[in-house]
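Undergrad: Listed below, chain by chain, are the residues.
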Amino acid sequence: MARPFSIKRQPGFATIAMLCFFLLYLPIATLVVYAFNAGVSIAVWEGFSFRWFESAWNNAQVIEASWRSLKIAASAAVIATTCATLAALATTRTAPYRGLTFKYSIINMPLLVPEIVTAVALLILFSRIKVWTGYSGLGYLILAHSAFCVPFAYLPIRARLESMDLSLERAAADLYASPFQTFRHVTLPLLWPGILAGLMLAFVISLDDVVITEFVKSGGQDTLPTYMLGQLRRVVTPEMNAISTVFLVLSLAIVTLFFFLSRNPQKQKT
Amino acid sequence: MKNGERMTISRATAAHGGTIGLHGIKKRFGSFQAVDDVTLDIRSNEFFTLLGPSGCGKTTLLRMIAGFELPTEGRVLLDGADISGLLPNQRPVNTVFQNYALFPHLSVAENIGFGLKMLGRPKSEVGAVVADMLKLVHLEGRGDHPVTQLSGGQQQRVALARALAPRPKVLLLDEPLSALDLKLRKSMQIELKRLQAETGITFVFVTHDQEEALTMSDRIAVMSEGQVRQVGTAREIYDRPADRFVADFIGETNFLTGTVERTEGRRATLRLATGATITAGLPDTATPSGAVTLVIRPEHADLVTAGAGTMDGTLGDIVYFGTDTHYHVHLDDGTDFIVRRQNSRAGSEGDAPETGHRIGVRFSDNAAQILKD
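Quick mapping for you: the protein sequence lines, in order, are chains P and W. Just so you know, we're using my numbering here: the first sequence kicks off at 1 and counts up by one. Just so you know, we're using my numbering here: the second sequence kicks off at 271 and counts up by one.
A few of these clues could be false.
To be verified - If you anchor each label on the Cβ, the simulated ranges turn out as follows:
#1 P/P179 with W/Q612: 54 to 64 Å
#2 W/N369 with P/A95: 13 to 23 Å
#3 P/A95 with W/V589: 27 to 37 Å
#4 W/Q360 with P/T82: 28 to 38 Å
#5 P/V113 with W/G300: 34 to 44 Å
#6 W/R464 with P/A253: 51 to 61 Å
#7 P/T82 with W/R464: 13 to 23 Å
#8 P/A95 with W/Q612: 46 to 56 Å
#9 P/A159 with W/L340: 50 to 60 Å
#10 P/L86 with W/A398: 37 to 47 Å
#11 P/V255 with W/A449: 55 to 65 Å
#12 W/N369 with P/T82: 25 to 35 Å
#13 P/K103 with W/A398: 44 to 54 Å
Think of the hints as simulated: they come from the structure by calculation, not from any bench. Each residue gets a CB set at the ideal place from its N, CA and C atoms; glycine is no exception.
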């Protein structure tokens, strides 16, 4: 009997799939396991212990860098998502016109421009501004992160807007809602899962950025990833594994949270 | 009493049936002329239908009354006042959308109350009207349900209630029954007629279904290629179609050709291609002469023995439809002609016509109608 074509039954499919999963997850699994190593080596198992988590928790630099990372990520995610929402509304709630595709590309450009180029460019620009204004706070990092997070927030919001039934907004207008009321009572509630997705994505992307942060930060402004990078240059202990593990759990928690929030916009209300 | 409350609402709204005037409306999308110079007057409290095949411009016309599209040229009047430039939310006109467009994040009651809430009416009034509307469309006790859990027919009724709740002057219905199955559609047709009579609101109904149009409408405008071909009651449109398009689009029709010999009032005497002389009605807006096309509905003709009728021919296919039977006759001049006969249990089997036999076709003088073109 002829069966429909299935990629799953092609020779080598299972092998390649397993290999990919191993390459992806085995190193991460190893990292997590050695976070609980009692010894000082990241390669020789000497028994189970929480000592590296304690050591990281008691490391003032780690805690400081973590707080800085969270502050930057939270601010950048909110700023980027706000901009992305406005951009998505402007580029979807309009009749198509010449140059609209160009606008899409401009908004999504940070996804394509090599990060190192953006980093160098920002370094040059910000260093000038630092000299002119004398300000050298976290603002530069927040601005830089907001900028490259915009496309990540923009994509899910735009996808949500495009799949939204336009007749709903027409129905609201028909039922005496002003353009703002239509946005407030119909568009925004329906867009909410998309906005949350954008927010989470932007947050996670900002949280683990290294390249741009490394170039833009002023002295003493290490975020968690740049702090870890700095440590790796010296001596590597399972403390790095412990920090990475916490980082991983945090990211997974955010993604899971988002998954449950966005699953059903109606259940969320009650 | 509950009944008394409903009566009050009906009376309060009865005076609100607005009139719509469409004056020289044109709408172009790029190079496509969607609506081409339409002038129509829709009366107060009327069930008015825009009927035509898809792409004829009927929905575009409706959307221009609602305010979703602006006419390229022409004016839209509501109760005599020009509303052409107003936004949809500024027009006291509500729409029932083809896909219902219910707000999925709101409950049944919140959907129905949406319009009044946007108008800034007090909560108590919104609640009272919503309760009334739920009763009107037989959805009592469903107010708290999410609209996504309703059946198609129930969603349809929520959409109706939502559009009626703000008591618009005119209710626009964009093929609202097309998504329902046949049985539900039939009962909703009756339901819509009842709602229109009960509320007194002017209904403008868009459909491509001629039967729906004929059974529900006070008046019908038949549209094709952006133009109105004929406006009239169901009977006028059916019995006296103005042109070939209308005759062909509505119901089944026989087309015959003939030559006008003389006219007298609104009737003409003409000689058919088959040689017979008959009289036929003239179209309302033109007095054609010379060679003309005329139409005869299949049920307005009958079969007789050959030589005894107006024309003779050979009987072809006989198609049984349950309530009636269609007889396809090949007339001697080469045209095909369909005769429809009502079936009855008492039908005498003896004189049943048979395929291949010679047969006559007879129709009365006022069965035939001359077309404009």
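Undergrad: Between the beta carbons of P/P179 and W/Q612, is the distance compatible with 54 to 64 Å?
TA: holds (57 Å)
Undergrad: Starting from the hint 55 to 65 Å, judge whether the C-beta atoms of P/V255 and W/A449 obey it.
TA: violated (38 Å)
Undergrad: Do W/N369 and P/T82 keep their Cβ atoms within the hinted range of 25 to 35 Å?
TA: holds (32 Å)
Undergrad: Is the gap between the beta carbons of P/T82 and W/R464 within 13 to 23 Å?
TA: This hint is violated: roughly 50 Å between Cβ atoms.
Undergrad: Mind checking the hinted window 50 to 60 Å against the Cβ distance between P/A159 and W/L340?
TA: violated (30 Å)
Undergrad: Taking the Cβ atom of P/V113 and the Cβ atom of W/G300, is their distance within the range 34 to 44 Å?
TA: holds (36 Å)
Undergrad: Take the C-beta atom of W/R464 and the C-beta atom of P/A253, compute their distance, and say whether it sits inside 51 to 61 Å.
TA: Distance hint for W/R464, P/A253 holds at roughly 56 Å.
Undergrad: Does the Cβ distance between P/A95 and W/Q612 fall inside 46 to 56 Å?
TA: Because 54 Å falls inside the window, the suggested range holds.
Undergrad: Between P/L86 and W/A398, does the beta-carbon spacing fit 37 to 47 Å?
TA: holds (39 Å)
Undergrad: Could one say that the CB atoms of W/Q360 and P/T82 fall in the range 28 to 38 Å?
TA: Holds, at about 30 Å.
Undergrad: The hint says 44 to 54 Å between P/K103 and W/A398; measuring C-beta to C-beta, is that right?
TA: Taking Cβ atoms as reference, P/K103 and W/A398 lie about 48 Å apart, which means the hint holds.
Undergrad: For the pair W/N369 and P/A95, does the Cβ-Cβ distance stay inside 13 to 23 Å?
TA: Holds, since W/N369 and P/A95 (Cβ atoms, about 21 Å apart) stay within the stated range.
Hint compliance for this structure: hints 3, 7, 9 and 11 are broken, all remaining hints hold.
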